[in-house]
Amino acid sequence: MPPSTLPLLNVSGLTMDFGGIRALDHLDLQVQSGEIVALIGPNGAGKTTFFNCLTGLYTPTSGDLKLNPPGRPEMRLNDLKPNQITEQGLARTFQNIRLFANMTVLENVMIGRHCRTKAQIFGAIFRTHQTVREEQAIVEASRAILEKMGLTSQADEFAGNLPYGAQRRLEIARALATEPILLLLDEPAAGMNQHETKELSHLILAIRQEGLSILLIEHDMKLVMSLSDHIFVMDYGRKIAEGRPEEVRNNLLVIKAYLGEDFIHA
Amino acid sequence: MIALKDIRNAIGIGLWFMFLTFPLLVIKVNPVEKTVIWRWNNMLLIGAASFVAYLVSHIILRRRDARQKRIRQGSEQITTQSNLLFLKTPKFLLALSCTGLLFALVFPALFSTYQINIMITALMYVVLGLGLNIVVGVAGLLNLGYVAFYAVGAYTYALLHLHFGLGFWAALPIGGLLSALFGILLGFPVLRLRGDYLAIVTLGFGEIIRLILENWNDFSKGPSGISNIPRPGFFGLEMSLETAIIYLYYLMICMVLFTIFVVNRLQNSRIGRAWFALREDEIACQAMGIDKTRTKLTAFALGATWAGMAGVFFAAKTTFINPASFTFLESAIILCIVVLGGMGSIVGVIVGAFVLILVPEYLRVFADYRMLAFGVVLVVMMLLRPQGIVANVRRTYTHKP
Amino acid sequence: MDYFFELLFSGLTRGSIYALIALGYTMVYGIIGLINFAHGEIYMIGAFTALVVSSVLSIYGLPLLAILVLTVLAATVWAAAYGFTVERLAYRPLRNAPRLSPLISAIGMSIFLQNFVLLAQTSDFQPFPNLIPQFAFMEPYAAIIGSTDLIILTVAALMMILLTLTIKYTRTGQAMRATAQDQKMALLVGINVDKIISITFIIGSALAAIGGLLIASHIGQINCSIGFIAGIKAFTAAVLGGIGSIPGAVLGSFILGLTEAFATGYVSSDYEDVFAFALLVLILIFRPAGLLGKATIEKV
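The listed protein sequences correspond, in order, to chains A, B and C. Note that numbering that gives the first Met the number 0 numbers the first sequence so that position 114 is 113, with each residue one more than the last. Note that numbering that gives the first Met the number 0 numbers the second sequence so that position 305 is 304, with each residue one more than the last. Note that numbering that gives the first Met the number 0 numbers the third sequence so that position 219 is 218, with each residue one more than the last.
Think of the hints as simulated: they come from the structure by calculation, not from any bench. Any given hint might turn out to be false.
PhoX-like cross-link-like pairs, simulated, lysine-lysine; straight-line CA separation at most 20 angstroms [stated by the list, open to error]:
#1 A:K197 to A:K255
#2 C:K183 to C:K194
#3 C:K194 to C:K167
#4 A:K80 to B:K68
#5 A:K80 to A:K147
#6 B:K220 to A:K117
Quick caveat, the model's predicted, so the values are computed rather than measured.
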């Protein structure tokens with residue numbers, strides 16, 4: 000893969016204040032196209048806050064969020080609404096699962112297709128040829144994604160009734176349905192057992208294979224170390240280190256701030 | 000089944016409610032003649048009623064808890080879909096709608112004008128219920144000022160007729176559109192608000208509209224209202240009162256069918272799915288690329304449209320309107336229909352409207368307790384069956400290769 | 000100038016009544032995040048209980064002071080009992096339900112209570128005995144401020160001071176503040192959260208009852224639908240000040256009371272209620288957090 004001149008995602012000087020508390024402090028971060036990038040750090044380091052700024056749920060106090068979608072001019076994401084950011088090609092999952100619990104699994108994924116389709120009230124009422132075709136395409140695309148995620152057999156169940164691991168996968172499926180170029184995963188392995196984590200790691204690699212870039216927050220160090228091309232480490236809202244997995248592993252600052260003594264002996 | 004402890008608790012509850020209702024239910028003062036009536040029998044009645052109510056609710060709740068426990072332990076399958084599921088099977092639905100439609104068609108031949116009038120009212124509430132269902136049931140936006148849009152529709156027809164001599168058929172679409180416009184005007188600023196604030200702002204809006212209609216005499220003729228609004232015409236044909244009512248009845252049936260058709264299609268569309276998702280989780284919705292404000296606004300405006308058209312029908316039916324028909328209680332009744340029937344369920348809303356409008360009409364004994372019962376319905380449904388009589392069942396999509 | 004002062008005091012009187020009701024809204028909202036739609040009805044029930052009890056006692060010929068004390072006692076006790084029961088019955092079982100559920104339940108309760116009083120008593124306006132004595136020393140100022148206004152202002156101020164002290168300095172008050180901040184944490188440190196919520200409803204209801212009693216003897220008549228409008232107005236006041244904040248509720252109430260008094264005095268009395276509603280809509284649109292409230296960010 001030839002290295003592009005501009006990173007896909009370029010975050011510079013990102014700062015977020017809540018009242019008197021600085022949750023993010025001049026954060027710089029880049030994701031290159033096709034990379035799997037991990038964001039790690041102790042609880043409360045500001046990782047999820049960063050995701051929320053990136054996806055438009057919070058408005059950052061200062062700094063820049065820039066996206067360079069392939070074949071399109073650079074986009075500044077700061078002032079966009081969350082749904083516009085999704086349209087630009089960023090899709091996310093949530094740390095504490097936020098599925099549409101009383102809708103079926105298939106419908107959850109179909110919602111993801113919303114921003115890539117355009118049937119309006121008129122089409123819905125009169126069921127024009129175009130709307131019918133679009134609706135069919137939505138179902139087909141959604142089924143294809145479920146197939147890939149191994150959720151086909153549960154397609155008509157309520158999302159809230161799925162087991163935990165399947166719910167996490169459904170969150171990823173739903174995000175994929177929005178056709179992202181950069182996928183943001185917030186602790187995708189949380190609460191999974193070893194077997195499920197392993198499956199997840201295959202899944203993430205397969206997604207990357209399709210040309211997506213991935214930015215993930217994760218506490219499972221084994222997963223992070225084995226998957227990532229690049230790791231950013233945060234503490235108290237600041238970036239304290241970055242580099243390839245082995246560089247981060249040996250960074251004393253990181254060990255001190257985050258991994259702890261045990262990790263060195265392990 | 001009932002332990003001694005439960006009996007003791009029930010007695011305690013009975014005594015508590017006897018105490019609670021003592022000053023208001025037992026004592027009745029005539030302040031002018033300075034006499035007091037002591038209604039002790041009420042006290043006994045309340046005591047007995049709350050005793051029984053406690054035991055019954057206790058048994059119901061215990062059964063539900065036991066069932067949930069079994070589900071959690073895995074010894075019973077989760078049946079999220081209700082035991083009234085047969086109401087949703089296509090065969091049953093088809094049979095039911097055919098019978099219903101047949102009955103509706105022959106109804107005027109079998110019953111008196113008085114009955115037909117009641118039926119028209121019930122059908123009007125079906126339309127109102129289905130309209131509010133889009134807003135509250137489907138999109139999860141608690142609109143307590145729904146009656147304002149109803150008023151806009153009714154006054155649109157009344158005023159357009161008064162000043163410009165416009166007829167029913169011209170007023171119907173105008174009433175609907177004007178209500179939609181009001182919905183957008185109100186919705187645009189307030190739909191950013193959290194759910195409970197939205198409830199109270201819409202409530203305030205409903206009251207403002209009513210107060211304006213009541214006080215702005217030059218515009219709306221104030222509390223005395225507007226009379227001599229014509230019933231819908233049929234190519235200028237002269238009709239007797241009875242024929243006109245039967246004609247209105249059939250128009251109302253068409254209106255209901257039209258509403259069901261449109262609402263059903265809307266719910267099963269890209270927009271409808273977005274509404275349901277919005278009710279479930281706003282933040283996840285936005286992250287899925289759904290424009291929150293816009294989606295809410297369409298729900299709000301579409302709901303208002305139905306209220307507006309129902310308002311035109313209302314004005315045409317009663318031939319006289321005044322602001323007293325558009326109080327908060329009216330909004331509460333419509334909300335009650337949606338909640339009782341089942342939020343988001345079309346069949347449910349129709350059932351809810353018929354139950355809540357026809358039962359007090361035909362069981363005159365209950366007529367006095369009508370509003371009291373509406374209050375109870377809202378609370379009890381939330382406590383025992385928040386999904387309503389006929390729960391909304393999600394559609395499954397068959398794969399067409 | 001007299002007219003101005005008359006309006007000023009009338010506004011302050013209104014404001015203090017609103018404050019007594021608004022405190023209940025704001026306390027309940029602060030602690031369980033629910034708009035207690037039935038709160039206005041509790042205020043109405045307080046007033047009605049006072050009416051019934053005082054009428055009965057005066058018919059049986061008790062001295063004025065005894066009537067006054069017993070009426071105040073009965074109104075607060077029964078209003079508190081109603082508030083307590085409403086919470087236990089209609090809100091507590093729904094504490095973990097979707098947010099729309101308790102709200103609808105609360106609306107149901109409000110409709111129920113209003114119609115309960117309508118059926119149990121009457122829908123007509125009832126004359127309310129003037130329980131507040133006329134003070135001789137207020138005679139020269141009667142055109143500007145009556146004895147009743149003076150009593151209302153004093154009682155309301157006392158109640159607010161008492162409430163503030165309770166919340167600041169007693170163990171219960173401390174527990175209330177802790178519960179409002181973080182229910183789970185409060186539970187973990189051994190606070191009986193259910194009990195604290197009940198106490199909140201009891202205090203709020205008692206305050207509303209005192210408000211109901213004062214305003215009823217000021218206006219001289221009541222009926223079963225006074226709770227609806229008063230409830231919305233007090234809620235407006237609470238939102239104006241910043242819902243969840245106690246000084247905010249008081250501030251908001253006085254602003255609303257004065258606005259109403261001056262608007263009806265100088266502009267038009269036809270639209271008395273429209274001013275309040277319009278104010279409510281405007282605040283929620285432009286400053287939903289209110290004057291003293293903090294904007295909250297939803298956790299994701």
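Task: Hint check, failures only - done: Hints 1, 4, 5 and 6 are the ones this structure does not satisfy, whereas the remaining hints hold.
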